[in-house]
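Asks: So the chains spell out like this:
2 protein chains.
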Amino acid sequence: MVVKVGILGCGNVGSALVSLLQEQGDEIAKRSGFRLVPFRIAVRQLDKDRGVNLSKESFTTDPYSVVTDEEVDIVVELIGGIDPARDLIREALNLGKPVVTANKELIATYGAELMQTAGKAGVDLLYEAAVGGAIPLVRILKESLAGERIRRVVGIVNGTTNYILTRMSEEGIDYDEALLQAIAQGMAEADPRADVEGYDAAAKAAILSSIAFGVNVVAKEVYREGITGVRAIDISFARNLGYEVKLLAIAELVPPLSAANHAINPPEVFTEERVSQEEVAVRVHPAMLHRSHPLASVRGPFNAVFIEGATAGEIMLYGRGAGGRPTASAVLGDLIDAAHNRQSGAVTRRVPTRVARVRDIGSLYCKYYLNVDVVDRPGVLAAVAGVFGENNVSIRSMEQLGLGDEARLVFLTHTAKEADMIATVKALSELSVVEKVGALLRVLDPIDSSDPQGEPSYSDDTWTVPGSPRVHSGGTA
Amino acid sequence: MVVKVGILGCGNVGSALVSLLQEQGDEIAKRSGFRLVPFRIAVRQLDKDRGVNLSKESFTTDPYSVVTDEEVDIVVELIGGIDPARDLIREALNLGKPVVTANKELIATYGAELMQTAGKAGVDLLYEAAVGGAIPLVRILKESLAGERIRRVVGIVNGTTNYILTRMSEEGIDYDEALLQAIAQGMAEADPRADVEGYDAAAKAAILSSIAFGVNVVAKEVYREGITGVRAIDISFARNLGYEVKLLAIAELVPPLSAANHAINPPEVFTEERVSQEEVAVRVHPAMLHRSHPLASVRGPFNAVFIEGATAGEIMLYGRGAGGRPTASAVLGDLIDAAHNRQSGAVTRRVPTRVARVRDIGSLYCKYYLNVDVVDRPGVLAAVAGVFGENNVSIRSMEQLGLGDEARLVFLTHTAKEADMIATVKALSELSVVEKVGALLRVLDPIDSSDPQGEPSYSDDTWTVPGSPRVHSGGTA
Numbered sequence: 001m002v003v004k005v006g007i008l009g010c011g012n013v014g015s016a017l018v019s020l021l022q023e024q025g026d027e028i029a030k031r032s033g034f035r036l037v038p039f040r041i042a043v044r045q046l047d048k049d050r051g052v053n054l055s056k057e058s059f060t061t062d063p064y065s066v067v068t069d070e071e072v073d074i075v076v077e078l079i080g081g082i083d084p085a086r087d088l089i090r091e092a093l094n095l096g097k098p099v100v101t102a103n104k105e106l107i108a109t110y111g112a113e114l115m116q117t118a119g120k121a122g123v124d125l126l127y128e129a130a131v132g133g134a135i136p137l138v139r140i141l142k143e144s145l146a147g148e149r150i151r152r153v154v155g156i157v158n159g160t161t162n163y164i165l166t167r168m169s170e171e172g173i174d175y176d177e178a179l180l181q182a183i184a185q186g187m188a189e190a191d192p193r194a195d196v197e198g199y200d201a202a203a204k205a206a207i208l209s210s211i212a213f214g215v216n217v218v219a220k221e222v223y224r225e226g227i228t229g230v231r232a233i234d235i236s237f238a239r240n241l242g243y244e245v246k247l248l249a250i251a252e253l254v255p256p257l258s259a260a261n262h263a264i265n266p267p268e269v270f271t272e273e274r275v276s277q278e279e280v281a282v283r284v285h286p287a288m289l290h291r292s293h294p295l296a297s298v299r300g301p302f303n304a305v306f307i308e309g310a311t312a313g314e315i316m317l318y319g320r321g322a323g324g325r326p327t328a329s330a331v332l333g334d335l336i337d338a339a340h341n342r343q344s345g346a347v348t349r350r351v352p353t354r355v356a357r358v359r360d361i362g363s364l365y366c367k368y369y370l371n372v373d374v375v376d377r378p379g380v381l382a383a384v385a386g387v388f389g390e391n392n393v394s395i396r397s398m399e400q401l402g403l404g405d406e407a408r409l410v411f412l413t414h415t416a417k418e419a420d421m422i423a424t425v426k427a428l429s430e431l432s433v434v435e436k437v438g439a440l441l442r443v444l445d446p447i448d449s450s451d452p453q454g455e456p457s458y459s460d461d462t463w464t465v466p467g468s469p470r471v472h473s474g475g476t477a
Numbered sequence: 001m002v003v004k005v006g007i008l009g010c011g012n013v014g015s016a017l018v019s020l021l022q023e024q025g026d027e028i029a030k031r032s033g034f035r036l037v038p039f040r041i042a043v044r045q046l047d048k049d050r051g052v053n054l055s056k057e058s059f060t061t062d063p064y065s066v067v068t069d070e071e072v073d074i075v076v077e078l079i080g081g082i083d084p085a086r087d088l089i090r091e092a093l094n095l096g097k098p099v100v101t102a103n104k105e106l107i108a109t110y111g112a113e114l115m116q117t118a119g120k121a122g123v124d125l126l127y128e129a130a131v132g133g134a135i136p137l138v139r140i141l142k143e144s145l146a147g148e149r150i151r152r153v154v155g156i157v158n159g160t161t162n163y164i165l166t167r168m169s170e171e172g173i174d175y176d177e178a179l180l181q182a183i184a185q186g187m188a189e190a191d192p193r194a195d196v197e198g199y200d201a202a203a204k205a206a207i208l209s210s211i212a213f214g215v216n217v218v219a220k221e222v223y224r225e226g227i228t229g230v231r232a233i234d235i236s237f238a239r240n241l242g243y244e245v246k247l248l249a250i251a252e253l254v255p256p257l258s259a260a261n262h263a264i265n266p267p268e269v270f271t272e273e274r275v276s277q278e279e280v281a282v283r284v285h286p287a288m289l290h291r292s293h294p295l296a297s298v299r300g301p302f303n304a305v306f307i308e309g310a311t312a313g314e315i316m317l318y319g320r321g322a323g324g325r326p327t328a329s330a331v332l333g334d335l336i337d338a339a340h341n342r343q344s345g346a347v348t349r350r351v352p353t354r355v356a357r358v359r360d361i362g363s364l365y366c367k368y369y370l371n372v373d374v375v376d377r378p379g380v381l382a383a384v385a386g387v388f389g390e391n392n393v394s395i396r397s398m399e400q401l402g403l404g405d406e407a408r409l410v411f412l413t414h415t416a417k418e419a420d421m422i423a424t425v426k427a428l429s430e431l432s433v434v435e436k437v438g439a440l441l442r443v444l445d446p447i448d449s450s451d452p453q454g455e456p457s458y459s460d461d462t463w464t465v466p467g468s469p470r471v472h473s474g475g476t477a
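Going line by line, the protein sequences match chains A and B.
The first sequence begins at 1 in the numbering used here and counts up by one.
The second sequence begins at 1 in the numbering used here and counts up by one.
Chain A extracted, bound-state conformation (with noise of 0.2 Å):
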């Protein structure tokens, strides 16, 4: 059987897709019963070589002719933002037709939507390209871990700022100048904001919570820092602490803010009773990570998801997030799935999505990394770790580098709550001893130790400085 595919846009990975479809249709015809053609392709101009081996007859400029082609069976999207994409998408499904897209920016915002269109059509919308590139993130989460009590989901889903902090991490070298490699090795775009301050993240991180936890989250809801604060000074500092610096995506569900926001000390360990709150917390910050979690060597250019499942454990999922053979090779997945399942009249599985109140960060507990340049003069430390006390934050250790001009003061702290940790920097900045307050970064616990004061358990040896000078904030500093 003949299935005709429309494809919209054929930038990176329409012609990665149209090659594939050309390349492997035989033996996707030998192992599923049907033949992939592409079949009409809409473009914005006509006379670009796109390396594709089309007739020109196979191209148009006007993307809506080919959704309300009659022989075009299933719509693939590749146009990415926000319109026309979604009234394209919308008019395909209208018409009965699957759709398959890779546009990450439309299912973190309009997603819902969308997929409420399709369940009234009857038809697929398929979007395992939009997070995680060649990842099978969506497939995992909506069909394996089915019947899963997910607990929290904890990406790197971003390849740019993923490469940057690993070049950072592995040569020592600012900021800076990873960003300028970066560039000059083809892996940040020349305007690098979308990337580096987190905006690509955030969008993946509200399509994997509503995936993961059936709530409907979107971009603009999740929290977001990015990398452009990480100096190569705090990276060096994780690392003799055996840590590596990660810009992370992280979804989780959270015990109800009555519970947890009674008292200073950090919230009770999850417990089931309290799923049915219905809380989620979606953010997306540069955090430390030890270097025993498999998250910690994920390098370069790749992206992995690490998700822990009440019953599974943890489950982590590693490749190539971004590319064009790699996305298409995702959309294929989909394209395929979409195909066996028109022929069948089944339609693939939802997960129904229910309103979910997104959790303030303000509200959250972790434990913190601060440096602190100070004038360096009797006092000081008594005059900084004060700040601390007065707001509820209690400090593990603490480490003094240089001296003079260039003191610094490295805190750690022990579990704090987030507001009053950034009470705290925002006091810290205030002080007359203070020259600046230098990055927060939050650290990665598990979330299911018995006891919130314990070490991870993939770690043994968290907030270990090997032979450096401790003072922790009981003594007499």
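Keep in mind the hints are simulated off the structure, nothing from the lab.
Treat the hints loosely; a few may be bogus.
Simulated restraints, written as ranges between beta carbons of each label pair [as the list claims (entries may be wrong)]:
#, chain 1, residue 1, chain 2, residue 2, range
1, B, 172, A, 389, 36 to 46 Å
2, A, 429, B, 33, 51 to 61 Å
3, B, 373, A, 236, 40 to 50 Å
4, B, 430, A, 185, 51 to 61 Å
5, B, 87, A, 122, 54 to 64 Å
6, B, 362, A, 68, 33 to 43 Å
7, A, 12, B, 44, 53 to 63 Å
8, A, 122, B, 113, 48 to 58 Å
9, B, 184, A, 193, 34 to 44 Å
10, A, 193, B, 23, 18 to 28 Å
11, B, 35, A, 116, 50 to 60 Å
12, A, 47, B, 394, 22 to 32 Å
Predicted model, so just to flag it, every value in this text is computed and none were measured.
Quick reminder that beta carbons are idealized off the backbone N, C-alpha and C, glycines included.
Starting from the structure of chain A, add chain B where the hints point.
Replies: Only chain B this time, still in chain A's reference frame:
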């Protein structure tokens, strides 16, 4: 809708499954529209407490009565072994009942036959839990990568041996001590042979090749070496070179023998045209893996599978490979699939299997590590090196460790043919100056390097011994 599940066997996995169905029943019903009920359970002993909350009437000692019970909609087989599991599954399929199994041994030998029975009956036979525990390997290989030309699958698929090798590597202890620790920790059976001699991994390798390449490979066709010959000294030497030693299950498409066998040179790089020749190489043995390879950081009891696709690139899936709850989680994913399909009248896609030649390991190529205990006197190296040359194995580097009675030569070779290397080992063991030929370790190289002698894409310092003296085969030693 209620779906009644018949469960054969109620050990670790079975009782975890019953608990899961009870705990997650509401959630699954909400997400999928049906309620999975543990309805009839076959056990060997009725009076054993299994820690599950089910009435006595649910249990029977007759597994056939569960399979034939008209109220049972889906059968889960958790008995293990060939008989009577094979016959029970056949009977269930012939009665039109979908079957979910975690039986690695059975699928690795009679998988093709049972899939054929399922195909004729038009119902599902699902076995996600048979390989890699909670890791959704089968689904990804069958569905997400349905359009992908998979070139190689490399896995750490046995938790016991990975635990032992991790202890040996991290604590510098020898095999016997690590094995005792593993037994004490419940990570190894009192009779550990199925694990440490590679039988378990070989069965999983057979299943992986069948799914990845659509060919019918059975367990006994898999070349198999365990870890009992690996010594602490080998691991420590490998670590100095930047490598970890892991027990790997490797399945790959290889160029046809006629091309590979025509010279002592390494075969040319794999090209698409050769795929049609359908030759597959499947093996389990300890191997050296560069520490920058994502599999190198898989520690302790965890499993991971690294998939190299022509389009998707490198994908790794990581998680708990064994244990009652992780395995039950995979069974539950399959159960939900089977229930969905039963409702919609569909069946999960099957990968058509074809007859394929399984390539003998003797005609494969790789780099080798070999250590040889020798008497320490002039001319020994020349004699030993001569044996390599006579057998067409080119030495890349040699290092002497120790002196006098403790003298040991450690060789690293260029890429060589397995049969030549085996002949070298045999000839060395017959030399009078050789006291003992120690471990032979193969090195995992990238498959898609354009230079067969080149470095792995994930490595930048192959074969460099920092600060140690080197003797090259071209030298005067």
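Asks: Measuring from beta carbon to beta carbon, are residue 184 of chain B and residue 193 of chain A in 34 to 44 Å?
Replies: Given a distance of about 54 Å, which is not inside 34 to 44 Å, the answer is violated.
Asks: Is the hinted range of 50 to 60 Å satisfied by the C-beta distance from residue 35 of chain B to residue 116 of chain A?
Replies: 25 Å, violated
Asks: Do residue 193 of chain A and residue 23 of chain B keep their Cβ atoms within the hinted range of 18 to 28 Å?
Replies: 45 Å, violated
Asks: Confirm or reject the claim that residue 430 of chain B and residue 185 of chain A have a C-beta distance inside 51 to 61 Å.
Replies: 53 Å, holds
Asks: Indicate whether the distance between the beta carbons of residue 172 of chain B and residue 389 of chain A respects the range 36 to 46 Å.
Replies: 44 Å, holds
Asks: For the range 22 to 32 Å, tell me whether the beta carbons of residue 47 of chain A and residue 394 of chain B fit it or not.
Replies: Since residue 47 of chain A and residue 394 of chain B have Cβ atoms about 53 Å apart, the given range 22 to 32 Å is violated.
Asks: Could you say whether the range 53 to 63 Å given as a hint is met by the Cβ separation of residue 12 of chain A and residue 44 of chain B?
Replies: Given about 58 Å between the Cβ atoms, the range holds.
Asks: Could you tell me whether the CB distance from residue 122 of chain A to residue 113 of chain B stays inside 48 to 58 Å?
Replies: Since the Cβ atoms of residue 122 of chain A and residue 113 of chain B sit about 37 Å apart, the hinted range of 48 to 58 Å is violated.
Asks: Are residue 373 of chain B and residue 236 of chain A spaced within 40 to 50 Å by their CB atoms?
Replies: 43 Å, holds
Asks: With 54 to 64 Å as the target window, see if residue 87 of chain B and residue 122 of chain A comply at their CB atoms.
Replies: 41 Å, violated
Asks: Indicate whether the distance between the beta carbons of residue 362 of chain B and residue 68 of chain A respects the range 33 to 43 Å.
Replies: For residue 362 of chain B and residue 68 of chain A the Cβ distance comes to about 60 Å; the hint is violated.
Asks: State, for the Cβ atoms of residue 429 of chain A and residue 33 of chain B, whether the hinted interval 51 to 61 Å holds or is violated.
Replies: This hint holds: roughly 54 Å between Cβ atoms.
The structure is inconsistent with the numbered hints 5, 6, 8, 9, 10, 11 and 12, although it conforms to all the rest.
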